[in-house]
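Position chain H relative to chain R; hints supplied.
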Amino acid sequence: MLVFVYGMIGWTVKESLGKKTNSYTTAKGLVGLKNYRDLFHDPEFTHAFQNLLKFTIVFMVGTLIAGLIMALLLEKGIWGEGFFRSIYLYPMAISFIAMGTSWRWLMDSTRDAKATGLNKIFWDLHLGFLQSNWYSSERGAMYAMALPAIWQMSGYIMALFLAGFRGIPDDLREAARVDGASETKIYRHILFPQLKPTFLTVLIILGHISMKVFDLIYGIASKSYITKVLAIYMWQVIFDFQNFAKGASIAIIILVLIAVAVIPYLIYVVKTEEQK
Amino acid sequence: MSSDLLERISSKDISRNKQSLTGKEQFWLVFKYVGLCFLTLVAVAPIYIMVVNSFKGITGVSQSAAWSIPLHPNFAAWGPVWAVLRGSIGRTLFFVVQSSIISAIIGSINGYVFAKWRFKGSTFIFTTFLFGMFIPYQAIMIPLTEFNHFAHLTGSIYVLVFAHVIYGIPICTLIFRNYYAAIPTELIEAGRVDGASMVKIFRTIILPLSIPCFVVVLIWQFTSAWNDFLFAIFLTGGSPQLSVATTALNFITGSGNQVYYGNNMTASLIVSIPTLIVYIFLGRYFLRGLLSGSLKG
Chain R
1 MLVFVYGMIG WTVKESLGKK TNSYTTAKGL VGLKNYRDLF HDPEFTHAFQ NLLKFTIVFM
61 VGTLIAGLIM ALLLEKGIWG EGFFRSIYLY PMAISFIAMG TSWRWLMDST RDAKATGLNK
121 IFWDLHLGFL QSNWYSSERG AMYAMALPAI WQMSGYIMAL FLAGFRGIPD DLREAARVDG
181 ASETKIYRHI LFPQLKPTFL TVLIILGHIS MKVFDLIYGI ASKSYITKVL AIYMWQVIFD
241 FQNFAKGASI AIIILVLIAV AVIPYLIYVV KTEEQK
Chain H
1 MSSDLLERIS SKDISRNKQS LTGKEQFWLV FKYVGLCFLT LVAVAPIYIM VVNSFKGITG
61 VSQSAAWSIP LHPNFAAWGP VWAVLRGSIG RTLFFVVQSS IISAIIGSIN GYVFAKWRFK
121 GSTFIFTTFL FGMFIPYQAI MIPLTEFNHF AHLTGSIYVL VFAHVIYGIP ICTLIFRNYY
181 AAIPTELIEA GRVDGASMVK IFRTIILPLS IPCFVVVLIW QFTSAWNDFL FAIFLTGGSP
241 QLSVATTALN FITGSGNQVY YGNNMTASLI VSIPTLIVYI FLGRYFLRGL LSGSLKG
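Top line first, the protein sequences correspond to chains R and H.
In this text, residue positions in the first sequence follow the working numbering: the first is 1, and each later residue adds one.
In this text, residue positions in the second sequence follow the working numbering: the first is 1, and each later residue adds one.
Hints were generated in silico from the structure; no laboratory data involved.
All values reported here derive from a predicted model rather than from experimental measurement.
Glycine included, each C-beta is placed from N, C-alpha and C at the ideal position.
Please note that the accuracy of each hint is not assured.
Quick list of in silico lysine to aspartate or glutamate cross-link-like pairs, EDC-like style, CA-CA up to 16 Å [what the hints assert, rightly or not]: (1) R:K76 x R:D170; (2) H:K32 x R:E183; (3) R:K223 x R:E138; (4) H:K116 x R:E274; (5) H:K116 x H:E25; (6) H:K116 x R:E273; (7) H:K32 x R:E75; (8) H:K120 x R:E274; (9) R:K76 x R:D240; (10) H:K32 x R:E81; (11) R:K223 x R:E44; (12) R:K223 x R:D240; (13) H:K116 x H:E189; (14) R:K14 x H:E146; (15) R:K76 x R:E174; (16) R:K76 x R:E138; (17) R:K54 x R:E138; (18) R:K54 x R:D38; (19) H:K24 x R:E81; (20) H:K200 x H:E189; (21) R:K76 x H:E25.
Now the in silico label distances, taken between C-beta atoms and shown as ranges [said to hold, decoys possible]: (22) R:T272 x H:L209: 19 to 29 Å; (23) R:L53 x H:V34: 27 to 37 Å; (24) H:K120 x R:H41: 38 to 48 Å.
From chain R, some residues computed to sit far from chain H (all C-beta separations above 10 Å) [stated by the list, open to error]: (25) S86; (26) L130; (27) R139; (28) V262.
In isolation and in its complexed conformation, chain H is listed as follows:
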């Protein structure tokens, strides 16, 4: 069967769809939209709860009316909560930006090596790298705390930079490698013929091409480091001088304070805003990171 015949069938199919749907097709379309809208409600419910209750002030939140929209929307809960969280959010921003940039740079170099350089044992090393993505934080947690103690890093925010760089490298390498694998080898060959070194090729040919990939990796690292709780709580030992967004939030909403709904919802919302902004404006890159991090190969 020739391909243009198939093409004609499919184009005819679509045009017929546009003109008039049969009863059965109409039913399915309605069914689909009902399903999609239901799922949308489910997906949105938790964030809806957060948003409406953060505008009800500190004391205006009655539990049984928590689904309703605020009658007198106000920012009363925002000021005090922001005052508590401000320091931690600044600290988080500081370490998250650093660790994302460092791991992106290391990832791009590694990715380049794995994509364009076949050396003995490269497959084995690459596989061990990949497994790095699946290693649970827990498996290195204890030595890491002891190492930090040894390296006099305890009590500084750099323990988190260090931890996230180490943990970010496998996934960054993978994303860059998949991206570089698509760059034609001829380009590199041409550079080599001109007598450029491996390093020079990387700097002048590869790096300028990898801006989109850097965006993907930076967003990925930013989101995961921002949202991380386990490393933060383990490595800072819960000390208030080192609290980051998630640990500070957990301190606010923790067991003793669960009744302050307005407060808790506001704090949760404030902590979620940075990653949500990134998601809303750069969602496509976020999605790409998710997909290329999934090893589809």
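Bound-form chain R, shown alone:
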């Protein structure tokens, strides 16, 4: 199985170096890195790449903060914790193609009296200035796209942080309290440093999800130009333009982006585990 998957990756690499630019030709032979060079001169590729970066930044920061807030609110144990926890986590269980229907409507760009979705709530609450074009605006599209992603993933991040907090022995906290440390100080100097491995895990998980994001954007905006990311572009290149070599090159770029972050992390994890 292992051989199979890695073999397939090798195959993709080979394809990305080849000249099979549509499925009907059986062009053989290699063109070296030409496909990659071409990509970097392809304005659509750079556009998709920039979009992906914007999305990644907002998504990672937003999810991290939202998940951490949820965990902080629940962390000490509070009546109804189980209820809140399952409510925050349910988005993880639902397909984004399904949730996209709802979000498409929530982020509808009509305004004021005719508004629907989120804009209507802002309008009714006399917060009209908060209305937005969401994912239909040229500038803010990717930031708007990050909202549903944050919505879906923050419950997961909450669970990770909650597990982290609960793994810290209570004694540590109590000892600091006896010494007269304030709550804020306890969090800053005692709890957060203990959570470093959790932060690292969270960043890796969010980062790799963000790099390959596809369903979420496709479910809301389909192949629309302003919200295009690498995975969507690759899909277009393969299905609509039948350009396999170019598609394979994009796939390998996505893989490399993930690998540079994940491989050092995995080596670190496996090593620390062995030392135990």
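This is chain H only, laid out in the frame that chain R set:
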């Protein structure tokens, strides 16, 4: 400082909390609940929209009133939508169940080997396995379609079984390995002293202990295969004979039909129901899968 002193402090702390909260503590408690309730509203909003609008019939959905609850709740939109989706949902169930079971079985065998058997290069192989969890679907998509063509799998639902088994193995292996690592080695040693083989130990000692872990893995695989869209659309090439829940749904709600709100919301809800049911009844196992899949080690 002795531990029972700490214990007394903490128990005193709690009992005092129960009796009377200081003003500051009361403020924080209220603040917390306000925060939690606000987040609950945000989390629930999208599914609320889906549910209320699916009961408004096919034509009764006016966009500006979509937040309101249905005045005349009815199932008018459900019948036609179900008729369209029925075939795809059945097909999804068929391939999802098969791929979950196969990958769980392979995962448990692999997990056992990695947890209890140290062989040369096992760390390296395990690391490559772990990286398998992070490999994007896209990286193997093109060869996979070509392989399917070669193996005459194109046009059959087994392309999806195959793809999800391959992709599920790393995470299943990891979950099982973490679970088996907690089983005391003495148990296996005892079996070995009695002369049982590796295979027999696995069958008679390990397997009976791993039922909870199987539940975790099966739920995990079920949810991710059910919700998968990328493999489905790539490998079936969008052919209607092979449509599964997500691709059929995308076909219904796709660009040309975005105005049929009642229809779309109902279809989305129907497709979400199976995974939601699993989540509601087996949420604890779902959570465990999420956490042990996150490599905390």
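Query raised in the report: Which of the numbered hints above does this structure break?
Result: Hint check: 5, 9, 16, 18, 19, 25, 28 fail, others pass.
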